[in-house]
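The whole structure should be built from the sequences, with the hints applied where relevant.
These protein sequences, in sequence, are chains A and F.
For reference, each letter of the first sequence is one residue, going 206 to 576 in the numbering used here.
For reference, each letter of the second sequence is one residue, going 206 to 576 in the numbering used here.
One copy or two, it doesn't matter: identical chains are merged, so the pair holds either way.
Subject to a maximum C-alpha distance of 30 Å in a straight line, what follows is the list of computed DSS-like cross-link-like pairs (lysine-lysine): (1) LYS250 to LYS262; (2) LYS417 to LYS340; (3) LYS417 to LYS300; (4) LYS300 to LYS262; (5) LYS293 to LYS470; (6) LYS293 to LYS411; (7) LYS293 to LYS340; (8) LYS293 to LYS417; (9) LYS300 to LYS411.
Treat the hints as calculated values from the structure; they're not laboratory data.
Small disclaimer: the values here were computed from a predicted structure and weren't measured.
Number of protein chains: 2
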Amino acid sequence: MNPAESTTIPRGPECKGGVVISVDAMGGDRGPAAVVAGIAESAQKNAEIRFIVHGPKAELDQLIGHRQGLAARCDVRDAAGVVTMEDKPSQVLRKGEGTSMWSTIESVRNGEATVAVSCGNTGALMALSMLRLRKLPGVNRPAIACLWPSRNPQGFNVMLDVGADIRADAQDLLTYALMGASYARNGLGLARPRVGLLNVGTEEHKGRAELKQAHELIASTADAGSFDYVGFVEGGDLPSARVDVIVTDGFTGNVALKTGEGTAKLVGDFLKDAFGNSVMSKFAALLAMTSLKRLQKRIDPRRVNGGVFLGLNGTVVKSHGGADATGISAAIKLAFQLAQSGFHERLAARVAQSLSPEIAGLAGADKKGTS
Amino acid sequence: MNPAESTTIPRGPECKGGVVISVDAMGGDRGPAAVVAGIAESAQKNAEIRFIVHGPKAELDQLIGHRQGLAARCDVRDAAGVVTMEDKPSQVLRKGEGTSMWSTIESVRNGEATVAVSCGNTGALMALSMLRLRKLPGVNRPAIACLWPSRNPQGFNVMLDVGADIRADAQDLLTYALMGASYARNGLGLARPRVGLLNVGTEEHKGRAELKQAHELIASTADAGSFDYVGFVEGGDLPSARVDVIVTDGFTGNVALKTGEGTAKLVGDFLKDAFGNSVMSKFAALLAMTSLKRLQKRIDPRRVNGGVFLGLNGTVVKSHGGADATGISAAIKLAFQLAQSGFHERLAARVAQSLSPEIAGLAGADKKGTS
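If you want it as structure tokens, here you go:
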């Protein structure tokens, strides 16, 4: 391989400085070629990122070698094993050492990289992340946060948990509120995010017992957590401009996320059908191309690709399993932003603060009051 | 009031035969004028429907009198009280006698009408329906079923429960499968509907304990229930062509329903923005008008307006609170179809059959096997 001078991909500042992202090249539906293509796209756009890439070295060296100048930005770590979409998390925990996913997390664990990116099996990635990075002090259940296209000026709302754990009690939901607000502050630049709790109605008497309890807990922690609490929100509020962070358990959040994606895709397909319907409408589509492209960009899930694992000693970005180069590049961009903002340290401080005697006392009092 | 001969609204067959629908004129966001407009629209399209309309008689007589020929098709029942969106179900149960909602249900209870339609407060409507109509033998938790735009030839999938009860155990989910399949057979004309159980993954090991149990129960009842069981489905499958009926608890179903509606509305608004963006794209939109109208019709929630309460001694159609004339008319059309197909008797027979010793034995064995 010849790490030749490239005209297309700028070399990092002497390949030393900048932000280091650890990338799992395996486990995605489109294989390592798509991941390397995504890395190349990111490298081209941003000279400050360097990569540690994990997978079968010979294959990766070849793929990276085909992109001029990319080899100088990448450190390839040989890992023969691959975690497949079918592997159960428990199996991966027992036998996963030697896989590219394990190796990817390890680079964050030992401090070589700031953030890890993988498009592999979500359950296995969360299980491995919990085993190797461990939970942050004060966090019982880590969460996966995603970005949701919205009517807000920032263009996106944060929703969590979208699938780390199918259960969440009132205390977990409070932790999600704190972590989600921290993510919105650092990832979306909102000084004082507005947090809502997902329910089947906005009235106080609605919903499950743990939601009523969480409602009180979150309300009483809002000031200390530097966020505004807007109360219960409904499924229709996920893209709403009246909230920035939506808190829910991982079962409900996962169903909502996939329902939203499925609906957007359905409407998109119907739109294509409608425009393919007659010569006149095909001509109209041609005229409207720029507008339609703008619309597509706004709702394209590839451009907001990347769930973030929150509540661990290290940040992990989970990319869609089916992500292509554009999707991988979006996930890497998110990882870079979080690394650069010092997000992890800020979030850890926020959770630790919420455990301070004053807030813990408040939370305890509320819990007693409603139970 | 002069029930004059009308040129626009055909009179029912001597105002005697046909199907009788009981309609609550109050409780909707747009007031009784919108409901009467919806009744008029339905009356115009379908000569076989007669109406019993519930609300303040003087006001309703006036509204109905303004529509030529409508008075001859309507029997107005005076009810001064109105259930508001803010009323708690428990209050309505205690003090609801004399409201238009109570009176509407009463017409189904005493056999004057086959199906009830209301756009009032969902919680109160379900509570009143349970109190006055009572649950079908064998049904522990009634459910609300909705239609979901889909890629299937019939254009819609059925999802239940979308909000009757925030809880559902394995046996409830089995009942939902039987009732949902019956609804798909009678409402959508599918001889052997395909039923799926909503979960956060399609693998058998995923999800909550009650879902694994329901998975076994539904699988073993499919043949006796004359449906095919496709196993676990995800949020993205709600509009899918691989399933016709999606079974879930009322909390998850309600969040999914509102998320889907919210997403479709967001994409629609983005689309409008995109087309309003330049002179060129405005012109394109003009050219594509027919196609866009067709698209709008396909995803317009007003045209699939009407959740159906299943598992009671009588059928109740819940229309959107914000429904306009088009929405009310769609809900009445659905009520008419269900009344005409003898849906209620068929569903009752199906649930009773599932309690036959053979199936009950099967279900019991499965329950034991998995617990």
